[in-house]
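> One-letter residues, chain by chain:
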Amino acid sequence: MPTIRLFHEDIERLTGVDIDTVREKLPFLGADLERDGEDFTDVEFFPNRPDLFSVEGVARALRAFLNIQPGISSYETSPSGIEMNVDDAVIDVRPYVVCGVVRDLEFDERAIESLMNLQEHIHRGIGRNRRKVSIGVHDLSKVKPDFRYTAVDPDFSFVPLDFKEKMTMKDILERHPKGIEYGFILKDADRYPLIVDYDGNVLSFPPIINAELTRVTEETRDLFIEVTGTDENVFVALNIVVCALAERGGRVQTVKVRSPQDGAVIETPDLNPSTHELRLSEVRALTGLDIDAETSVKCCARMGLHADVVRGDGSEGDDVLIVKVPAYRCDILHPWDIIEDIAIGYGYDRIVPTLPKTDVVGEEHAEERRNRRIREMMIGLGFMEVQTFTLSSERKQFTLMRRRSCEVVRVAHPISEEYEMLRCAIMPNLIDVLSMNKHREMPQRIFEIGTVFRGEERTNLAAVSMHAHANFAEIRSVVDAILREFGIADITVIKPSDDDAFIKGRRAIIMLNDREIGVFGEIHPEVIRNFSLDHPIIGVEMDVDAINARPPSQRRRCLC
Amino acid sequence: MSVRESELSARERIVLNVFAAADEALTTDEIARRTGLKEDAVSQAAFMLAEKGIVAVKERESRFYRLTEEGREYAERGLPERRAIEVLMREGTCSFEHLRDHMGSEREALIAVNWLLKRGWARTKKECGKSVFVFAGVSEDSMSEVETEERILRLLLERGGFVEEEALPCRKELLKTLKARKLVEEKVRKERFFSLAPGFKPEFKDEKAAIGFGLDVVMEHEVAQMTPEMIRTGSWKEVKFKEYDVSIPSEKIYPAKIHPYQRLVDEMRRIFAEMGFKEIKGAIIQHSFWNFDALFVPQDHPAREMQDTFYLGVRKPLDAPAELVRRVKEVHEHGGSLRSSGWGGRWREEIAEELLLRTHTTAVTLRYLASHKEPPVRVFCIGRVYRRETVDPTHLPEFDQLEGIVMDENVSFRHLLGILQTFYRKMGFPQVRFRPGYFPYTEPSVEVEVMTEKHGWIELGGAGIFREEVTHPLGISHRVLAWGLGIGRLAMLKLKLHDIRQLYQPDIDWLRHAPSSPITGD
Numbered sequence: 001m002p003t004i005r006l007f008h009e010d011i012e013r014l015t016g017v018d019i020d021t022v023r024e025k026l027p028f029l030g031a032d033l034e035r036d037g038e039d040f041t042d043v044e045f046f047p048n049r050p051d052l053f054s055v056e057g058v059a060r061a062l063r064a065f066l067n068i069q070p071g072i073s074s075y076e077t078s079p080s081g082i083e084m085n086v087d088d089a090v091i092d093v094r095p096y097v098v099c100g101v102v103r104d105l106e107f108d109e110r111a112i113e114s115l116m117n118l119q120e121h122i123h124r125g126i127g128r129n130r131r132k133v134s135i136g137v138h139d140l141s142k143v144k145p146d147f148r149y150t151a152v153d154p155d156f157s158f159v160p161l162d163f164k165e166k167m168t169m170k171d172i173l174e175r176h177p178k179g180i181e182y183g184f185i186l187k188d189a190d191r192y193p194l195i196v197d198y199d200g201n202v203l204s205f206p207p208i209i210n211a212e213l214t215r216v217t218e219e220t221r222d223l224f225i226e227v228t229g230t231d232e233n234v235f236v237a238l239n240i241v242v243c244a245l246a247e248r249g250g251r252v253q254t255v256k257v258r259s260p261q262d263g264a265v266i267e268t269p270d271l272n273p274s275t276h277e278l279r280l281s282e283v284r285a286l287t288g289l290d291i292d293a294e295t296s297v298k299c300c301a302r303m304g305l306h307a308d309v310v311r312g313d314g315s316e317g318d319d320v321l322i323v324k325v326p327a328y329r330c331d332i333l334h335p336w337d338i339i340e341d342i343a344i345g346y347g348y349d350r351i352v353p354t355l356p357k358t359d360v361v362g363e364e365h366a367e368e369r370r371n372r373r374i375r376e377m378m379i380g381l382g383f384m385e386v387q388t389f390t391l392s393s394e395r396k397q398f399t400l401m402r403r404r405s406c407e408v409v410r411v412a413h414p415i416s417e418e419y420e421m422l423r424c425a426i427m428p429n430l431i432d433v434l435s436m437n438k439h440r441e442m443p444q445r446i447f448e449i450g451t452v453f454r455g456e457e458r459t460n461l462a463a464v465s466m467h468a469h470a471n472f473a474e475i476r477s478v479v480d481a482i483l484r485e486f487g488i489a490d491i492t493v494i495k496p497s498d499d500d501a502f503i504k505g506r507r508a509i510i511m512l513n514d515r516e517i518g519v520f521g522e523i524h525p526e527v528i529r530n531f532s533l534d535h536p537i538i539g540v541e542m543d544v545d546a547i548n549a550r551p552p553s554q555r556r557r558c559l560c
Numbered sequence: 001m002s003v004r005e006s007e008l009s010a011r012e013r014i015v016l017n018v019f020a021a022a023d024e025a026l027t028t029d030e031i032a033r034r035t036g037l038k039e040d041a042v043s044q045a046a047f048m049l050a051e052k053g054i055v056a057v058k059e060r061e062s063r064f065y066r067l068t069e070e071g072r073e074y075a076e077r078g079l080p081e082r083r084a085i086e087v088l089m090r091e092g093t094c095s096f097e098h099l100r101d102h103m104g105s106e107r108e109a110l111i112a113v114n115w116l117l118k119r120g121w122a123r124t125k126k127e128c129g130k131s132v133f134v135f136a137g138v139s140e141d142s143m144s145e146v147e148t149e150e151r152i153l154r155l156l157l158e159r160g161g162f163v164e165e166e167a168l169p170c171r172k173e174l175l176k177t178l179k180a181r182k183l184v185e186e187k188v189r190k191e192r193f194f195s196l197a198p199g200f201k202p203e204f205k206d207e208k209a210a211i212g213f214g215l216d217v218v219m220e221h222e223v224a225q226m227t228p229e230m231i232r233t234g235s236w237k238e239v240k241f242k243e244y245d246v247s248i249p250s251e252k253i254y255p256a257k258i259h260p261y262q263r264l265v266d267e268m269r270r271i272f273a274e275m276g277f278k279e280i281k282g283a284i285i286q287h288s289f290w291n292f293d294a295l296f297v298p299q300d301h302p303a304r305e306m307q308d309t310f311y312l313g314v315r316k317p318l319d320a321p322a323e324l325v326r327r328v329k330e331v332h333e334h335g336g337s338l339r340s341s342g343w344g345g346r347w348r349e350e351i352a353e354e355l356l357l358r359t360h361t362t363a364v365t366l367r368y369l370a371s372h373k374e375p376p377v378r379v380f381c382i383g384r385v386y387r388r389e390t391v392d393p394t395h396l397p398e399f400d401q402l403e404g405i406v407m408d409e410n411v412s413f414r415h416l417l418g419i420l421q422t423f424y425r426k427m428g429f430p431q432v433r434f435r436p437g438y439f440p441y442t443e444p445s446v447e448v449e450v451m452t453e454k455h456g457w458i459e460l461g462g463a464g465i466f467r468e469e470v471t472h473p474l475g476i477s478h479r480v481l482a483w484g485l486g487i488g489r490l491a492m493l494k495l496k497l498h499d500i501r502q503l504y505q506p507d508i509d510w511l512r513h514a515p516s517s518p519i520t521g522d
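Just so you know, the sequences run in chain order D and F.
Reading the first sequence from the start, the letters are residues 1 to 560 in our numbering.
Reading the second sequence from the start, the letters are residues 1 to 522 in our numbering.
Simulated from the structure, these hints should not be mistaken for laboratory data.
Source: prediction; values computed, not measured.
Among the hints, a few may not be true.
[As the list claims (entries may be wrong)] Simulated pairs of lysine-lysine, PhoX-like, Cα-Cα distance not exceeding 20 Å: (1) D:Lys438 / F:Lys182; (2) F:Lys190 / D:Lys178; (3) F:Lys190 / F:Lys118; (4) D:Lys178 / F:Lys126; (5) D:Lys438 / F:Lys252; (6) F:Lys126 / D:Lys438; (7) D:Lys438 / F:Lys187; (8) F:Lys190 / F:Lys38; (9) D:Lys187 / D:Lys164; (10) D:Lys357 / F:Lys426.
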């Protein structure tokens, strides 16, 4: 989640309340307080609210939430007279562009940093790492309108930000840090997007890097902002940025963006609110609050929305709320999103929890009840329960165990070799636990009941015992006891096994209805050494689903 | 100081006789040799005498060290931090990945980095959004410390086996550090020397002075172990049972136990069953469709990227009705027939066909809903989920989640809060609070926090009401309250763990010592 740094001086000036109030109230607006510095507080906001990714946006929301300035914040716009002409050539590469101008700004180092951070958060969030949206801000005084958005040959060159010499765009993708980071977005393009001014001077190479020419400094007063991308999110991104700057005292002006095909013109930014309708009865039903229309209107105002009530003819529940949502909000997809805002405006801390009525009977899953009985039995036999990962490695599952590898479920991009596949047996994990505990007192007897993946997801029980006198007789006793407890001692057959994890002549399989359901024996000394251990180990592993078979309808089939 | 003969047991008398004849302090081993008694019997008698003030005890401890497996590796190859600082001194700056390639393993690189930062040899810096390590200078003192540590390791390697502390070239702190790093193991040998207490004057029958104190050692027949024979024949009436010092602890034994984490999970299971919920289970391997798309998670959502989710790299045709797939597609693209804008863009079935390890159990509850469309539905699911996280004290690539839903007529957000509050109160957290939250598939959304003594408010779960964009394509026409609670954090709080790895990479000693039924527990 994006972290926003709120300098106490800034937030106190922008809201008019002290930092302690800010810190107390922010969590109920959806912020997570992350860290306290001497003169700042870091907060995290959810990714659906990019309008809160700057101190200006946070201050605006807080002013409404604290009833200092409830309702919708509107910002005036006037035409700048500047045009952005879009070339046909760029439509296939990165079709969307919108622009705006903000004048009369006064920047200090911190304000510039806040703007840069806002941009980066938008790039990462709704911009999807600049794939969908990227923003360029420029010192308007360094260039000459009108502007042109085009696509050019990768060999075209200009001086990118933070460099002194010209570089070709191809070079930028290979050598400039931003080019290396975001070049993947253009990997299929044979021409690259470019924004130039009237004289052909470069402003930016979206979505990679701006030109050094238009660098924003503390002397900058007027900004030209362009947002390019692949879908309509460019509009709200532009709105968020210009409104944050307007909060800093800037004057917002519109730019005409002229499309290549038909010469159609749109004027951006468009800061008119959108309108949504919902019934009061819906608000009440979803939240469970006995809330009237007036209170709902106040709650909207506390969330920076504006609501009007249209009275229904019947009961109060028929009332309809007409809600205006400001142009910088991108999280309102559905009327319920507004109802959530009403609930937040009401205050989650004021909502009284209550239990729903029910006449349903609860129950634990039959499989879990069975597993609990098996655990009790194993504890009675003196085995301590452990739990291990189901992600494992070829090496641990097969190589160290002297077992041949078989068909397994692999993950496509493992974090490390240790977790590259799903286990098909539990015993290797148990021996691994022994090796992590080799200096602990003997005897060590442990077991696990858990999921393994062999064609389908199944439940296995495995147990091992390690001490100086561990031998086949002990494990045979354990297996016999388990089979007795399962009530299948008379119908199972024990036969020699050929599993190389065990010593020849001291290994056996358990057969039930002519099906192998388990294996046990004395672990082969080579396996013991492979796990860096030096005491005799005995073990058993069995498929408990095969014992009290689940009906096929309850099987969890493995999809692969 | 005086003592009456009758206050002494037979063994104490035997031992005391030996002291009378000896001029130097004796070890229990030596006394055992001289008396023919077993060493533990001697030791017990000697301690009883010491308690009575008749003999004095002096202890001497000697410490011995030997290499652990890991220590042996470093003895041969050098400590990770020293190998790493060489790379860093040479290159000035380097990334973790670079370091890891040099060190040969992620584990050693992590150890190295940890020590580099601890020693102040390196600091981290952000470079293009990535952390890199920058050389920060090496003081002579700290380097000589590391060199001494390595010298100790090498010396232990040469000698093999346990080496006494005196034979090692170093100060105690370094050995302590090496021990804490589990590079060496320590064995402490305690030796005790016994002698007559200074100022002790025997006031026994003086005529027996010829053989030491010459105390009478066969006063009565004292018996330690009762036998079946004695009980059958009644001979127990003739003997005196030796009286034991009941305050002395015996050998330690440990019961086998259910894993503490399992006990906690079972408790949660019981609570939800008590609250009228039925438990369900489902597959771990799922289609992206059930894990993400049916939940209205946009196809380009960051959580769906392969850095965060374990994909199998396999696509399989969807096991969902075509009608459902079509409705999901519509709702993503433009909101379908709902009052929703959808996410825009084009929804692609190929992406939904990718198989993955479920990132939450919501995939299971959704499938259940798809086949149980009529209210009331109250189910919960506890199961393993997977996220592509590197293993560290607070992150694991797999962990367990508790998830539940209620679908019914007239259920609301207030009811959702009621269920969550009741659950956490039953789990032993009387103070529960709710804060706004965000999930792509619920609206309103909420985060649940509980008050803890040690850490203040701690977030333990997320919840909300499924969006219409989720329920409508499934053909559900009632509201569905839903929550997903990470159990790991709760378990860390309840079991007082600092490292979540301990749940799945168990230390047998921890399992042996963690009380399974603490009286004061909750």
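> Holds or violated: are the alpha carbons of D:Lys438 and F:Lys252 at most 20 Å from each other?
holds (18 Å)
> Within a Cα-Cα threshold of 20 Å, do D:Lys438 and F:Lys187 meet the stated pairing?
The given pair, whose Cα atoms are some 16 Å apart, holds under the 20 Å limit.
> Given the hint that F:Lys190 pairs with F:Lys118, test it: the Cα-Cα distance must not exceed 20 Å.
violated (35 Å)
> Run the distance test for D:Lys187 versus D:Lys164: straight-line Cα separation, threshold 20 Å.
Roughly 26 Å separates the two Cα atoms, so the pair is violated.
> Verify the proposed pairing of D:Lys357 with F:Lys426, using a straight-line Cα cut of 20 Å.
It holds: about 18 Å lies between the C-alpha atoms, which stays within 20 Å.
> Starting from D:Lys438, check that the Cα of F:Lys182 is at most 20 Å away, please.
holds (13 Å)
> Would you mind confirming whether the straight-line C-alpha gap from D:Lys178 to F:Lys126 stays at or under 20 Å?
holds (14 Å)
> Hint check: F:Lys190 vs F:Lys38, CA-CA at most 20 Å. Holds or violated?
holds (18 Å)
> Is it true that the CA of F:Lys126 sits at most 20 Å from the CA of D:Lys438?
Violated, at about 41 Å.
> Is F:Lys190 close enough to D:Lys178, meaning Cα to Cα at most 20 Å?
Distance of about 65 Å is beyond 20 Å: violated.
Hint compliance for this structure: hints 2, 3, 6 and 9 are broken, all remaining hints hold.
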